[in-house]
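A.B. asks: Produce the entire structure from the sequences given, and follow the hints as far as they go.
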Amino acid sequence: MLTEMLTNVRAHNPLVHNITNYVTVNDCANIVLASGGSPIMADGIDEVEEITTICASLNINIGTLNDATREAMVRAGKQANKVNHPVVLDPVGVGASTLRNETIVQLLKEVQFSVIRGNISEIKFIADLLGLDVNTASQSRGVDASDEDKVTKDNLNEAAAFAKAMARATGSVIAMTGAIDVVADTEKAYCIFNGHAEMSTITGSGCQLSALLGSYLGANPTTPLDAAAAAVIVMGVCGEIGHERMTDVDGNSSYRNYIIDAVQRLTSQQLENKARYEVR
Amino acid sequence: MLTEMLTNVRAHNPLVHNITNYVTVNDCANIVLASGGSPIMADGIDEVEEITTICASLNINIGTLNDATREAMVRAGKQANKVNHPVVLDPVGVGASTLRNETIVQLLKEVQFSVIRGNISEIKFIADLLGLDVNTASQSRGVDASDEDKVTKDNLNEAAAFAKAMARATGSVIAMTGAIDVVADTEKAYCIFNGHAEMSTITGSGCQLSALLGSYLGANPTTPLDAAAAAVIVMGVCGEIGHERMTDVDGNSSYRNYIIDAVQRLTSQQLENKARYEVR
Amino acid sequence: MLTEMLTNVRAHNPLVHNITNYVTVNDCANIVLASGGSPIMADGIDEVEEITTICASLNINIGTLNDATREAMVRAGKQANKVNHPVVLDPVGVGASTLRNETIVQLLKEVQFSVIRGNISEIKFIADLLGLDVNTASQSRGVDASDEDKVTKDNLNEAAAFAKAMARATGSVIAMTGAIDVVADTEKAYCIFNGHAEMSTITGSGCQLSALLGSYLGANPTTPLDAAAAAVIVMGVCGEIGHERMTDVDGNSSYRNYIIDAVQRLTSQQLENKARYEVR
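Chains as they are written, first to last, in the UniProt record's numbering: chain E, 1 to 280; chain H, 1 to 280; chain S, 1 to 280.
No wet-lab data here; the hints were simulated from the structure.
Watch out, some of these pointers could steer you wrong.
Stated by the list, open to error - Just the calculated beta-carbon pair ranges, DEER-fashion: (1) THR152(E) to GLU148(S): 51 to 57 Å; (2) ASP128(H) to GLU278(S): 52 to 58 Å; (3) HIS12(E) to GLU148(S): 14 to 20 Å; (4) LYS150(S) to ASP248(H): 31 to 37 Å; (5) ALA68(E) to GLN112(H): 53 to 59 Å; (6) THR267(H) to LYS150(E): 27 to 33 Å; (7) ASP128(S) to GLN112(H): 55 to 61 Å; (8) ASP154(S) to LYS150(E): 55 to 61 Å; (9) ARG10(S) to GLU278(E): 55 to 61 Å; (10) GLU148(S) to GLU198(H): 42 to 48 Å; (11) ASN84(S) to GLU102(E): 45 to 51 Å; (12) GLU198(H) to GLU278(S): 34 to 40 Å.
Backbone N, C-alpha and C define an ideal beta-carbon position, used for all residues, glycine too.
C.D. replies: The following block contains the structure:
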């Protein structure tokens, strides 16, 4: 599965349309290129529909939101649905403001997403917004997950069940990332143990993963669950490979470079050997 | 003092709200993370008041200004004052346009800042805008300080007196950075000799420092002078540590990474040993 | 020629006004600094005319366009013409949307550019927009050049003739970059063989070159063809020097740093020794 997903990205060189925040946009573009895709960043209201039409997939990230980009997201998302392109949603910081909450409610209503990727607190907050009874009272802490929400080996079954319930409620693959990642559709959950704790000290490691999902979905549009799981595993494996390069003077800024470098250099053999996941 | 300030940042992990320019925003986010804080970048008019309320401090930087971000800055600043959060102002390029000058005048009128950080030319220009008689006719040269304004050992007493006068006029700690940094409240001026000349060849080393001030003020809100001096010293010390890594093929792009890396790796022992400052 | 252009940039430290996209803006600022210039990024409608007036040159890049930045580009461009500053145009992704096409038509009508820099597909698309009969039917593929457009040793004479024709049609130096770069005015075409194929895996290597053109034009305003050719050669040579540093774990993110580093470290001797070009 993994080799097939990876090979398809490199063979098809998908164009990935990103409407994303201005904080991590450069890293998002570089990780798409590193993966074998081609990024286009465009959020002008008057052009997003045309841009998304010529692309293979769309990645919507609400990290730095305003009225103009919100409208651009809705327009692009609807058009991507119309031309049957996969669409990724990254609900950065949902719960931190009314604007973010209302935008997510609107997007979920007007756009059908292939994948929703967020940390556990963000996914739980969406459950609340949708009025789902999933016993998930969650407290947003800005753009990071709350400690009390963390997925561990002890609560992994509950987390997998929650992700599947969210997949049923949204019609999307749910990619709930953290120390353990859970990627699920309604029937099947990949529980992924790759990655390194220090990835959370890099700004936008989650945004980068969402952009990478754009590459993997764009090149593997008919198998969204496998494509999403593969992208999450690639990010985790590259987080590990990048961390192996760290010297005792390296910190988060160099680590960011090393991870993106690793995405470009990744071989299918490395990926298969280092992948650690189980299906529940 | 330094160890205490550093330790508080890492212990309290302050959320820092940044309304900053899109040029250096990624480095600002990474340096906040490196310091032990958590950054949130948000400039949507409809959400900045909510965002700043859940944070520990606010950093306002006018590097790339427009009418929408100007309004967001005013709203966020007033709200931060209301909930008693420290607010940092970075008046990037004040003097270079009417828009920047008018925005600074408005911000200084409507928001009480804990710290104003700029190069000497920017601080002098603010003195002019405020109509202060401090013998400071200054010429803006874009976003850089003029050569004729530079603080040296010879004019350090005058610079310290000027910074104290500006602190009295604004009610803010003044962090006037350059080859020698002066950080002053009305009574006391830290004169700081750390740093490296090549830091000025990195875009946004000043913006990064302002974001770092957000971390230090957020975690040490009751001691703004010490917090600000500590942040300035941390930046200078890390500029030195980062420079020690430079090989003869490294330039400003790698140097940027090395400084942020050093902020993450910094020990209190390194900080205390390398700090070079005096109080006037 | 090359040494003279390089030396002038470092001696004159030109201020370069950039109205550019938020994807690659940080790298653009750092490469201007690395070259010996000083960048100012400003796109507020109310300040661009003042900002461009205090600068030495203007670089307009339509990578992430909206109605506000479009208006800022037109205003800044006209003002730069009025005060006789060189203006660079980077028509990123022209052909990918009506907004981009209309903006380029408007800009070419209202602003006289010193240099237009794009990949071959972008330059051909502009020929189409201008109604030029240059046998150039081209298909935009997002922000990248189409394979069928590529300049090779076999079609280099045609490419040089096309660039000269475009220079006649626009009154601008044409910098058409790719595996082989062609930089031409109406009479003379530099065909440049420097660079490395992997540069295309870095986001914004073209944007960075356009910012570098801002430095070289700003410091060498009376010799736009030589200034533009020198900037293109510097970028290519630094792409080679940067690539020599690559280890087998380095990828596009580190490569980006190495190229900018090389621009800062470049000696005139390196530049003269490594430059590979011919005039047609």
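A.B. asks: Could you tell me whether the CB distance from HIS12(E) to GLU148(S) stays inside 14 to 20 Å?
C.D. replies: holds, 18 Å
A.B. asks: Using the Cβ atoms, figure out if ASP154(S) sits within 55 to 61 Å of LYS150(E).
C.D. replies: holds, 60 Å
A.B. asks: Between the beta carbons of ASP128(S) and GLN112(H), is the distance compatible with 55 to 61 Å?
C.D. replies: holds, 57 Å
A.B. asks: Could you tell me whether the CB distance from THR267(H) to LYS150(E) stays inside 27 to 33 Å?
C.D. replies: Hint holds: Cβ distance 28 Å, inside 27 to 33 Å.
A.B. asks: Holds or violated: the 31 to 37 Å window for the beta-carbon distance between LYS150(S) and ASP248(H)?
C.D. replies: holds, 36 Å
A.B. asks: Do the beta carbons of THR152(E) and GLU148(S) sit within 51 to 57 Å of each other?
C.D. replies: This hint holds: roughly 54 Å between Cβ atoms.
A.B. asks: Range first: 52 to 58 Å. Now tell me if the beta carbons of ASP128(H) and GLU278(S) are that far apart.
C.D. replies: holds, 54 Å
A.B. asks: Is 34 to 40 Å right for how far apart the beta carbons of GLU198(H) and GLU278(S) are?
C.D. replies: holds, 37 Å
A.B. asks: Between ARG10(S) and GLU278(E), does the beta-carbon spacing fit 55 to 61 Å?
C.D. replies: The hint (55 to 61 Å, Cβ to Cβ) holds, given that ARG10(S) and GLU278(E) are roughly 58 Å apart.
A.B. asks: Within 45 to 51 Å or not, the Cβ separation of ASN84(S) and GLU102(E)?
C.D. replies: holds, 49 Å
A.B. asks: Given the hint of 53 to 59 Å, is the C-beta distance from ALA68(E) to GLN112(H) inside that range or not?
C.D. replies: violated, 31 Å
A.B. asks: Could one say that the CB atoms of GLU148(S) and GLU198(H) fall in the range 42 to 48 Å?
C.D. replies: holds, 45 Å
Hint 5 from the list above is the single one not met by this structure.
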